[in-house]
Amino acid sequence: MKILIYILGILQILSGIAVMFGPNSAIHEILATTAFGFGVLALGFGAVLGRLDRRTEADGIRIAPANAPVTPPAAKQFDYGHDPKLR
9 MKILIYILGI LQILSGIAVM FGPNSAIHEI LATTAFGFGV LALGFGAVLG RLDRRTEADG
69 IRIAPANAPV TPPAAKQFDY GHDPKLR
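Numbering-wise (the working numbering), the sequence shown opens with residue 9 and increments by one.
A few of these clues could be false.
Distance ranges between label pairs, derived from CB positions [claimed, not checked]:
id : residue 1 : residue 2 : range
1  : Arg63     : Ile15     : 16 to 24 Å
2  : Arg59     : Ser23     : 25 to 33 Å
3  : Asp61     : His36     : 34 to 42 Å
4  : Leu16     : Gly68     : 39 to 47 Å
5  : Asp61     : Phe29     : 29 to 37 Å
6  : Asn32     : Ala66     : 45 to 53 Å
7  : Leu39     : Asp61     : 30 to 38 Å
8  : Ile18     : Ile38     : 43 to 51 Å
9  : Arg59     : Ile38     : 43 to 51 Å
10 : Phe53     : Ile25     : 17 to 25 Å
11 : Ala34     : Arg63     : 42 to 50 Å
Because the hints were derived from the structure by calculation, they are not lab data.
Ideal Cβ placement from N, Cα and C applies to all residues, glycine included.
Generate coordinates for the entire structure from the input sequences, incorporating the hints supplied.
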């Protein structure tokens, strides 16, 4: 997934640079700027995904399955009944 996002980011940056050197008009400059900016964001997002992959592999963390409970059992045992404002 991160490789695909890296490739997408590089293609967006290259297309932004290519459009910038094309015909000069306001719409081309706007398109080039946004393509370049989204390419930089995609590269950053790919780097974050790569860092998360390495971090979860090193810590042995696995993503919970879809049928896992949302709240941990300890949170269900907490009673809010002692404070009348929370009732």
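Checklist entry - Could one say that the CB atoms of Asp61 and His36 fall in the range 34 to 42 Å? => result holds (37 Å)
Checklist entry - Does 25 to 33 Å hold as the CB distance between Arg59 and Ser23, or does it fail? => result Because 26 Å falls inside the window, the suggested range holds.
Next on the checklist: Holds or violated: the 16 to 24 Å window for the beta-carbon distance between Arg63 and Ile15?
Outcome noted: holds (23 Å)
Next on the checklist: I want to verify a distance hint. Is the separation of the beta carbons of Leu16 and Gly68 within 39 to 47 Å?
Outcome noted: violated (30 Å)
Checklist entry - Between Phe53 and Ile25, does the C-beta distance stay in 17 to 25 Å? => result Holds - the Cβ-Cβ distance for Phe53 and Ile25, about 20 Å, lies within 17 to 25 Å.
Next on the checklist: Just to be sure I understand the hint, the distance between the Cβ atoms of Leu39 and Asp61 should be within 30 to 38 Å; is that true here?
Outcome noted: Cβ of Leu39 to Cβ of Asp61: about 32 Å, so the range 30 to 38 Å holds.
Checklist entry - Is the hinted range of 43 to 51 Å satisfied by the C-beta distance from Arg59 to Ile38? => result violated (32 Å)
Item to check | Cβ separation of Ile18 and Ile38, checked against the hinted range 43 to 51 Å | outcome: Distance hint for Ile18, Ile38 is violated at roughly 21 Å.
Checklist entry - Cβ-Cβ distance between Ala34 and Arg63: within 42 to 50 Å? => result Holds - the Cβ-Cβ distance for Ala34 and Arg63, about 43 Å, lies within 42 to 50 Å.
Checklist entry - So the hint says 29 to 37 Å: do the beta-carbon atoms of Asp61 and Phe29 match that? => result For Asp61 and Phe29 the Cβ distance comes to about 36 Å; the hint holds.
Item to check | Pairwise beta carbon distance, Asn32 to Ala66, judged against the given window 45 to 53 Å | outcome: Roughly 49 Å apart at Cβ, these two residues keep to the hinted range, so it holds.
Hint violations for this structure: numbers 4, 8 and 9, all remaining hints satisfied.
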